[in-house]
Amino acid sequence: MLILIEAVCSFFACLFFAIIYNTPKKELVYVGLAGAVGYAIFFTLDRYAHLNAAGLFLASSTICIMAKYFSVSHTMPKLLYVLPAIYPLVPGAGIYYAMHDIMIGDFASAINEGMLALKTVGIVVLAMILILPDQFFKFTKLAQKRAAVLEEEENAANAAADAQK
Amino acid sequence: MRSKKVLELAVTVGERLTFNGCATHQTEDQVYKVLGAYPFTKKEVFISAYSIIVTVESEEAGLLTMVKHFEKKGMNQERIALIEGVVTSFVRGHISAGSAIKSLRNIANKSTYTFPVTVAAFAISGAFRSFMFGGTIYDFIASLVVGTCVGITLQYLNTHKLPSFIVTMSAGFAVGFVSVLLRNFHIGTNLDKIIIGSLITFAPGVPMAHAVNDILNGEYLSGWIRSMEAIISGVAIAIGIAFALYFWAFIGGVN
Numbered sequence: 001m002l003i004l005i006e007a008v009c010s011f012f013a014c015l016f017f018a019i020i021y022n023t024p025k026k027e028l029v030y031v032g033l034a035g036a037v038g039y040a041i042f043f044t045l046d047r048y049a050h051l052n053a054a055g056l057f058l059a060s061s062t063i064c065i066m067a068k069y070f071s072v073s074h075t076m077p078k079l080l081y082v083l084p085a086i087y088p089l090v091p092g093a094g095i096y097y098a099m100h101d102i103m104i105g106d107f108a109s110a111i112n113e114g115m116l117a118l119k120t121v122g123i124v125v126l127a128m129i130l131i132l133p134d135q136f137f138k139f140t141k142l143a144q145k146r147a148a149v150l151e152e153e154e155n156a157a158n159a160a161a162d163a164q165k
Numbered sequence: 001m002r003s004k005k006v007l008e009l010a011v012t013v014g015e016r017l018t019f020n021g022c023a024t025h026q027t028e029d030q031v032y033k034v035l036g037a038y039p040f041t042k043k044e045v046f047i048s049a050y051s052i053i054v055t056v057e058s059e060e061a062g063l064l065t066m067v068k069h070f071e072k073k074g075m076n077q078e079r080i081a082l083i084e085g086v087v088t089s090f091v092r093g094h095i096s097a098g099s100a101i102k103s104l105r106n107i108a109n110k111s112t113y114t115f116p117v118t119v120a121a122f123a124i125s126g127a128f129r130s131f132m133f134g135g136t137i138y139d140f141i142a143s144l145v146v147g148t149c150v151g152i153t154l155q156y157l158n159t160h161k162l163p164s165f166i167v168t169m170s171a172g173f174a175v176g177f178v179s180v181l182l183r184n185f186h187i188g189t190n191l192d193k194i195i196i197g198s199l200i201t202f203a204p205g206v207p208m209a210h211a212v213n214d215i216l217n218g219e220y221l222s223g224w225i226r227s228m229e230a231i232i233s234g235v236a237i238a239i240g241i242a243f244a245l246y247f248w249a250f251i252g253g254v255n
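Residue numbers (the numbering used here), protein chains in the order written: chain Z, 1 to 165; chain X, 1 to 255.
Isolated chain Z (complex conformation) (with noise of 0.2 Å):
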């Protein structure tokens, strides 16, 4: 039921983040749809299986896999759904916490909260620059799918303007 609560939480949180970042009206509940997910599997594996680092991966692998398909099948560039959607994991407490410790003076505390945020950063992109480029898999058949209701539209597009003529 908490999970629930957590994956409702993080869909707003992650959609209306994605205004901040100015995505199209269209993709915007995609986004959403791909942060919740994101952040339900990173909070089940985290709070209940106490596996920081494996819910980190899993969840950044799951929205990547998301954005590569909602990117083929709309056309638009992959880093558009990622960032709003890795939102609620990356660390941008971590990171304050550890400039306010440096400020205070307290350098063994700054220092662990960063090397701590610089982990979970670094966990959230190796997934992303694992699973985002082309070479390992592609959605090959829903790309040409696509392409081919693409070349479809154009060509109603252009016998509509000729014919216009």
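Treat the hints with care, since some could be wrong.
Claimed, not checked - So, partial list: chain X residues that the calculated Cβ filter (under 8 Å) puts toward chain Z:
1) F131
2) I187
3) N190
4) N213
5) N217
6) A242
Hints are computed from structural coordinates only; laboratory data are not their basis.
Heads up, the beta-carbon is just placed ideally off N, CA and C, and yes, glycines get one too.
For chain Z, the structure is supplied; the task is to place chain X on it using the hints.
Same frame as chain Z, but now just chain X:
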């Protein structure tokens, strides 16, 4: 001459994409796609976070090079998608280089969401994030108010030409100031949850992920530049919040 037009289009595409926050690897791909439309004998592209250099060699114009350097950066995914659309239609031969440059200029002034919608987005996403961190419903409401102030501050200061350090510091000051103000009126319960949730919307979490993405893809220079930006913006937020908390300690007291 066509090669000069194509070169100018390539440099403009690279500049616009990086200005709107695209990853360096992706920008290079798009620039190479544009340069592929004309049979150059040699082409070299160098993109770092704030500048782009393109050198091409062709039979009609010899060796040409063009450099563009720009100052500030933002994050606008819709413009990135539109620019990629322009590149695709240019490469397929639907539009010429000159009209592509014109459409890039039109895209540059396009804004997707109005001022109130962005302020509401800052407020609501910060509020949900506070809730996710373990805050109560009162923290949610307090975060809405803090987020609205932050959104107004950031949007207003971004329209003026100020260094981004000062803009981020003012936003941090706004977060600290309004949070303690609300706390003094007994509206929120956990002060630190409200502060963390509201500042995560502009804290360098996602820009840091963008920077590490560039580094792990092999673009060490632009990755390092972006991570320096992230660290400095973290410092700016910490300084801003410290200002606000010391200001309140000086005035009366933090409850």
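The hints, checked one at a time:
no., hint, result
1, F131, "6 Å, holds"
2, I187, "20 Å, violated"
3, N190, "13 Å, violated"
4, N213, "5 Å, holds"
5, N217, "6 Å, holds"
6, A242, "6 Å, holds"
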